[in-house]
Each structure stands twice: as structure tokens, then as C-alpha cells.
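Undergrad: Take a look at the letters that make up each chain.
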Amino acid sequence: MDDATRAALVQYLLRCGDDRLVLGHRLSEWCGHAPILEEDIALANLALDLIGHATLLLKLAGETEGAGRDEDALAYLREAIDFRNILMAELPKGDFAFTIMRQFLFSVASLYQLEALVRSTHAELRSIATKALKETRYHVRHAGEWALKLGDGTEESHARAQAALDALWRFAGEMFLMDEADERLVRAGIAPDLAPLEPKWRAQVTDVIERATLSVPASGYMQRGGRVGRHTEHLGHMLSEMQILQRSYPGAIW
Amino acid sequence: MAARPDNQWPLWEVFVQPPGGAPFEHAGSVHAVDAESALQNARDAYARRGEAVSIWVVPSAAITASTPEDVGPFFDPGNDKPYRHPQFYSVPRGVRM
Amino acid sequence: MMPDTSAAEREFEARIAAGETIEPKDWMPDGYRKQLIRMMSQHAHSEIVGMLPEGNWITRAPTLRRKMGLLAKVQDEAGHGLYIYCGTETLGVDRAELIDQLLSGKAKYSSIFNYPTLTWADIGAIGWFVDGAAIVNQTMLAKASYGPYARAMIRICKEENFHKRQGYEIMATLAAGRPEQRRMAQDAVNRWWWPSLMMFGPSDKDSPNSAELTKWGVKRKGNDELRQRFVNLTVAQAQAIDLTLPDRDLKYNAATDNWEIGPIDWDEFKRVIHGEGPLNRERLAARNRAHADGAWVRAAASGYAAKHAAEATSDAA
Chain A
1 MDDATRAALV QYLLRCGDDR LVLGHRLSEW CGHAPILEED IALANLALDL
51 IGHATLLLKL AGETEGAGRD EDALAYLREA IDFRNILMAE LPKGDFAFTI
101 MRQFLFSVAS LYQLEALVRS THAELRSIAT KALKETRYHV RHAGEWALKL
151 GDGTEESHAR AQAALDALWR FAGEMFLMDE ADERLVRAGI APDLAPLEPK
201 WRAQVTDVIE RATLSVPASG YMQRGGRVGR HTEHLGHMLS EMQILQRSYP
251 GAIW
Chain B
1 MAARPDNQWP LWEVFVQPPG GAPFEHAGSV HAVDAESALQ NARDAYARRG
51 EAVSIWVVPS AAITASTPED VGPFFDPGND KPYRHPQFYS VPRGVRM
Chain C
1 MMPDTSAAER EFEARIAAGE TIEPKDWMPD GYRKQLIRMM SQHAHSEIVG
51 MLPEGNWITR APTLRRKMGL LAKVQDEAGH GLYIYCGTET LGVDRAELID
101 QLLSGKAKYS SIFNYPTLTW ADIGAIGWFV DGAAIVNQTM LAKASYGPYA
151 RAMIRICKEE NFHKRQGYEI MATLAAGRPE QRRMAQDAVN RWWWPSLMMF
201 GPSDKDSPNS AELTKWGVKR KGNDELRQRF VNLTVAQAQA IDLTLPDRDL
251 KYNAATDNWE IGPIDWDEFK RVIHGEGPLN RERLAARNRA HADGAWVRAA
301 ASGYAAKHAA EATSDAA
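Protein chains in written order, with our numbering: chain A, 1 to 254; chain B, 1 to 97; chain C, 1 to 317.
Do not rely on the hints blindly, as some may be mistaken.
Simulated coverage check for chain C against chain A, where a stretch passes if three residues somewhere in it have a Cβ under 8 Å from a Cβ of chain A [what the hints assert, rightly or not]:
no., segment
1, 67-76
2, 177-185
3, 194-205
4, 235-246
Below, in silico cross-link-like pairs of lysine-lysine (BS3-like), each with a Cα-Cα straight-line distance of 30 Å or less [as the list claims (entries may be wrong)]:
no., chain 1, residue 1, chain 2, residue 2
5, A, Lys93, C, Lys307
6, C, Lys25, C, Lys143
7, C, Lys215, C, Lys270
8, C, Lys221, C, Lys270
9, C, Lys158, A, Lys131
10, C, Lys158, C, Lys143
11, C, Lys34, C, Lys205
12, A, Lys59, A, Lys93
13, C, Lys307, C, Lys25
14, B, Lys81, C, Lys25
15, A, Lys134, C, Lys158
16, C, Lys108, C, Lys25
Think of the hints as simulated: they come from the structure by calculation, not from any bench.
Predicted, not measured: the structure shown is a model, and the values here were computed from it.
Cβ atoms here follow ideal geometry from the backbone N, Cα and C, with glycine treated the same way.
Working from the sequences, and respecting the hints, build out all of it.
TA: Written as C-alpha cells, this is what we have:
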């Protein structure tokens with residue numbers, strides 16, 4: 001692998017890993033506070049899956065980079081400007097409708113991405129994608145079912161679900177943005193072209209949104225910047241909390 | 001606060017089939033509003049450690065159970081019919097059955 | 001049709017004495033049903049409230065492995081609450097009613113969860129001491145006379161062992177770490193040891209429910225016996241990682257092969273049980289808030305199901 005491709009792959013793995021770490025962390029904030037006991041278990045399950053995927057991706061990122069950083073060094077010692085997650089992932093968890101709609105939008109996109117990644121020319125990435133794909137199918141099923149229930153449940157749940165969609169929509173497009181690093185990986189057969197995935201994602205989310213009696217918000221300018229480290233104000237606070245022990249005791253073993 | 005307790009959704013019974021062709025076993029219950037979410041809740045609660053290859057969920061109200069009063073008429077007669085058991089029958093020594 | 005109650009009670013007690021398992025549809029004295037509902041629901045409430053002190057550190061867990069381990073543990077606790085609530089429901093009570101009892105303050109839960117988790121080491125101490133104590137108790141309850149309770153305990157015991165090992169591993173790592181980490185670990189031990197011993201409850205002679213629960217085969221061992229077992233196990237574990245249990249009177253009795261502890265401050269226990277612990281109000285407030293905030297969600301699911309059940313019926317018609 002030439003240096004440019006290697007560097008692109010590190011970026012890609014950080015992007016995929018950070019998406020799941022940050023989103024998993026947001027999901028974990030529900031623990032002990034979910035609307036019903038069964039959902040405490042379900043949301044913890046989602047969070048665990050995502051943090052598990054993040055761990056594998058960040059580990060591979062560190063190995064590919066070859067500078068001695070493991071998954072913990074990457075998770076706990078990078079500043080916000082070095083995180084590469086999409087903005088949508090770092091938004092505060094909001095109410096249950098916001099959490100569910102965000103999860104749904106993300107998981108469907110993730111599903112298509114992973115279905116493509118199981119055909120990657122990169123063996124380890126294929127292997128991570130194969131495992132993550134199974135779990136992501138379940139995430140789509142769980143979040144999709146809740147999207148229907150919230151949209152077509154009561155007037156209040158419908159209003160909250162629509163408000164969540166309206167708030168999230170301008171962040172969703174970032175999931176399909178590509179730059180030269182992505183193009184390089186597409187040429188190498190390592191990562192998929194996201195362009196053809198976007199209409200598939202749109203068709204699937206539109207179907208569920210409409211069955212949920214909700215409306216697809218109008219698409220305008222898509223907020224962006226996460227892929228190059230330009231985040232919202234939320235990420236800094238989240239990392240302050242997440243990284244506190246490693247920052248307070250540099251080099252300690254836990 | 002005198003309002004009646006808020007709803008926790010109906011009760012479902014969960015049966016889990018372990019790997020290796022074993023029979024389904026009752027694992028416990030979950031609360032859910034419909035079959036799809038009962039299945040998901042059951043999977044999250046009772047199949048976290050690879051104990052299941054298949055799950056059944058049934059509304060608890062759909063289960064018909066024998067009662068303690070039935071024990072005599074239902075089960076005692078089955079305990080004194082030795083002709084249903086192989087040991088009741090003698091066969092010549094040494095013959096493979 | 002109505003059985004002669006005293007004959008039925010004698011027969012019931014004979015079944016208990018013979019070590020038989022009582023199942024949901026069996027005849028049982030009213031007192032047995034009530035005691036079990038109380039005991040099981042309090043156990044379930046404890047699992048749920050127990051998610052809060054540990055949940056407090058999920059977002060600050062110091063490595064990805066610790067983050068996942070803690071999240072999995074707290075998820076298990078939710079699951080344990082679920083198993084035990086469902087077991088309680090077999091006695092003819094609805095979970096909504098049980099939850100209402102918790103949230104209104106009518107029902108108790110284990111006093112240990114009214115203490116704060118101040119450092120990461122507290123997470124280790126809870127796994128080691130609190131889950132350790134719970135395992136001793138639950139291993140006994142796995143032989144309880146009421147079938148659904150015993151079966152829930154067996155399932156829980158299988159899962160609980162990883163909780164204790166995780167906690168102990170955390171403490172061992174801290175004890176072998178930097179001076180600040182050792183200090184953190186020892187401080188957590190100092191704060192969690194005595195409340196953990198109190199989890200077993202007062203001596204049976206001072207414990208109002210013990211006699212009935214023992215008569216009916218729900219409790220098979222006394223509080224002091226269980227507490228002693230836990231102490232004996234834990235002293236060796238503490239020595240192995242060079243942490244000191246905060247008891248000047250702790251001494252080994254070679255004749256009985258027991259580690260004898262100093263006096264427990266039962267006044268503290270009573271205070272905490274009666275609502276004056278460090279976090280009683282906050283724990284209940286958190287549970288009430290989650291429940292209130294979640295009402296629209298529960299209603300949404302019910303609303304959806306009602307609409308679609310009606311459709312299914314009209315499709316079939």
C-alpha cells in the first residue's frame with residue numbers, strides 16, 4: 001500500500017470508528033433513564049455494539065498508522081479537532097424520539113456502507129464489516145420499528161418524531177460526503193463509493209418515514225465539517241467527560 | 001398522586017431453543033405491545049450469551065395451563081401403567097433389541 | 001370447593017419441609033404470597049436503582065474495554081430486574097403496580113444503592129463487594145421454595161460472576177498502579193466495606209421477616225451466616241491485592257476458621273433504610289424523572305399497537 005493510500009485509509013478508519021464511538025457514547029447516556037426497562041436493555045445493547053465496532057475500527061486505524069497509537073490512545077487522547085465523526089453523531093441525545101430517529105437514519109446508511117465493505121479488498125476491514133453488518137441489521141430493525149411506533153403512536157409522539165426529523169435532516173447529508181481520501185480508497189477497492197448508496201438510503205428511510213405518517217423534511221444545505229475536524233460545540237464537552245481520567249492521570253493503567 | 005399506575009405493556013412468555021437441536025424451554029417473560037417488539041425484547045433479555053438459536057413469544061393470556069386440582073386426574077394415572085415402560089417386558093438374555 | 005385453610009396450610013408446610021417447589025398456580029397461604037411479593041419486588045427494585053450509581057461512571061470509564069464492561073454489567077442489572085419483576089408477576093400482581101410502589105417510596109430497595117460513586121475506584125468496589133455480597137445471597141436463594149424466584153436466581157447467578165470478577169480486576173489494577181490510584185482504591189474500600197456488610201441485614205433475631213421466610217423455605221440460611229461467608233471470602237481477596245479492610249477489630253479465629261469483624265453501625269443502616277442516606281432522594285427522583293419522561297413513549301407504543309390491532313381485525317373480517 002503506498003503512503004497516500006495508507007494515509008487515506010487511516011482517515012477513513014478514524015471516520016468510521018469515531019462515528020460509532022461518539023454515537024455509542026451518546027446512546028450509553030440513556031442507561032438507567034430509558035422510558036421502560038426493556039428499552040434500557042435495548043439501548044445498552046445498541047451502545048455496546050457500536051462501541052465494539054468503534055474499538056475494532058480504531059484499533060485497525062492505529063495499526064495502519066503505525067505510530068504506536070492503540071484504540072484507547074485514539075479514543076482518549078485526541079482533541080476534538082482530531083476527531084473525524086459526522087456532526088450528527090455528537091449532538092446531545094435529546095428526547096427518545098431524537099435518539100431513535102438519529103439511530104434510524106445512521107443505521108440505514110451504515111447498513112448500505114457495510115454491505116459494500118464486506119466486498120472490500122482489505123481483508124481486516126472485510127472481517128470487521130461482516131461482524132458489524134449482522135448487528136447493524138438488528139439496529140435498523142429496532143430503530144425502524146420504534147420510528148413507526150413514534151410516528152404513528154399518539155399525537156404527542158408524532159409531533160416529537162417530526163420535530164426530531166426536522167432537526168436531524170440537515171445533518172444527514174454529511175454521511176454521504178466524499179473527499180479525495182475517499183476517492184483514493186474507492187479506486188483501490190478498499191472503501192465503497194457513497195454516491196450510489198445515498199438514493200438507496202433515501203428510499204428506505206422515506207418508506208419508513210411515510211409509513212410512520214411522518215413527512216420527509218425538505219433537503220437544503222447539509223451541515224458538514226466533522227470529517228475534517230470542524231465540529232459543533234457539543235463534542236468538546238462530550239470529550240471532556242469521556243477523557244477525564246486518562247487526561248488526569250497520563251500514562252496510568254486502568 | 002392518586003392516578004392509577006401507568007402502563008407497562010402486556011406480558012409475554014418467552015421460550016428459547018438452545019443450540020444443538022434441543023427442545024424449546026421457557027426462559028421467562030417480557031413486556032411488549034406487539035409480537036415484533038416482544039421478539040426483540042426477548043432477544044435482548046434472554047439471548048445475550050449465545051444461549052439461543054430460536055425464540056418463541058406468546059402473549060401470557062394465550063397460555064392455557066393445567067391447575068393443581070388437575071394433578072390427580074391428569075398425571076397420577078400416568079404413574080401406574082408399567083406396561084408403558086420397557087422394563088415391564090422380559091426378553092431372552094443375550095438378544096440385542 | 002374452598003379447601004379447609006388449616007388443612008391446606010399444614011399440607012403446604014409439609015410440601016415445604018419435603019423440599020418441594022411451589023409454583024404459581026399452587027395453593028399458598030396469603031402470608032407466603034405477600035412475603036414473596038414484597039421480597040421479590042424489593043429485589044427487582046434494587047437491581048433497577050442499582051443501575052444508577054454505576055451508570056454514573058459509564059461516560060467517564062477510562063478505557064474502551066472498561067466502558068464496554070461497565071455498560072454490559074449495568075445492562076445485565078436491568079435484565080436481572082426484568083427477570084425478577086416477571087417472577088413477581090406470577091404471583092398475580094402487575095409490574096405497573098410494583099413500579100408505582102417503588103416510585104412513591106412505599107417499597108424499599110437495597111440500602112447500598114443510596115451511597116454515591118465518587119471515583120472510578122467505587123466502580124471496582126461495587127463489583128467486588130456489592131456483587132460479591134449479592135452472589136452469596138443469591139446462591140442461597142437459588143434454592144428458594146418458590147419456583148419462579150429460584151429459577152430467576154439461577155439465571156442471575158450465572159451472569160453475576162463476571163460482575164464480581166470485573167470489579168475485583170479493577171481494584172487489583174488500581175492497587176498495583178500509581179500512588180494516586182492506590183489511594184483511590186483504598187478510599188473506595190473504606191467507604192463501601194461497612195455498607196456492603198449491612199446488605200445482609202441485621203442479625204436474624206433483629207430482622208422482622210426472617211422467621212417467616214425461613215419457615216417457608218425462602219431463606220435457607222441466616223443473615224449472620226451469609227455475612228460471615230462473604231467476609232471469609234473477601235478478606236483473602238483483599239490481602240491478595242494489598243488493600244486494607246477498614247476494621248481494626250478484624251481478626252482470624254482459628255477455632256472456627258472465621259474472620260471475625262468489629263461492630264456494625266446499625267444506626268447508620270436504620271438511617272439509610274428510612275430515607276436519610278446520602279442519595280435516597282436523588283435515586284428516587286432519578287427513577288421518577290425517567291418514568292415521567294418516558295410516559296409519552298410508553299403511550300405511543302400502546303397507541304400504535306391499538307391502531308394496528310384494529311386494522312388486523314378489520315382485515316380478517
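Undergrad: Now tell me if each hint is right for this structure.
TA: Hint by hint, here is what the structure shows:
{"no.": "1", "hint": "67-76", "in the structure": "holds (count 6)"}
{"no.": "2", "hint": "177-185", "in the structure": "holds (count 4)"}
{"no.": "3", "hint": "194-205", "in the structure": "violated (count 0)"}
{"no.": "4", "hint": "235-246", "in the structure": "violated (count 0)"}
{"no.": "5", "hint": "A:Lys93 - C:Lys307", "in the structure": "holds, 29 Å"}
{"no.": "6", "hint": "C:Lys25 - C:Lys143", "in the structure": "holds, 19 Å"}
{"no.": "7", "hint": "C:Lys215 - C:Lys270", "in the structure": "holds, 25 Å"}
{"no.": "8", "hint": "C:Lys221 - C:Lys270", "in the structure": "holds, 22 Å"}
{"no.": "9", "hint": "C:Lys158 - A:Lys131", "in the structure": "holds, 26 Å"}
{"no.": "10", "hint": "C:Lys158 - C:Lys143", "in the structure": "holds, 14 Å"}
{"no.": "11", "hint": "C:Lys34 - C:Lys205", "in the structure": "holds, 21 Å"}
{"no.": "12", "hint": "A:Lys59 - A:Lys93", "in the structure": "holds, 26 Å"}
{"no.": "13", "hint": "C:Lys307 - C:Lys25", "in the structure": "violated, 34 Å"}
{"no.": "14", "hint": "B:Lys81 - C:Lys25", "in the structure": "holds, 27 Å"}
{"no.": "15", "hint": "A:Lys134 - C:Lys158", "in the structure": "holds, 26 Å"}
{"no.": "16", "hint": "C:Lys108 - C:Lys25", "in the structure": "holds, 27 Å"}
Checked against the numbered hints given earlier, the structure breaks hints 3, 4, 13 and satisfies all the rest.
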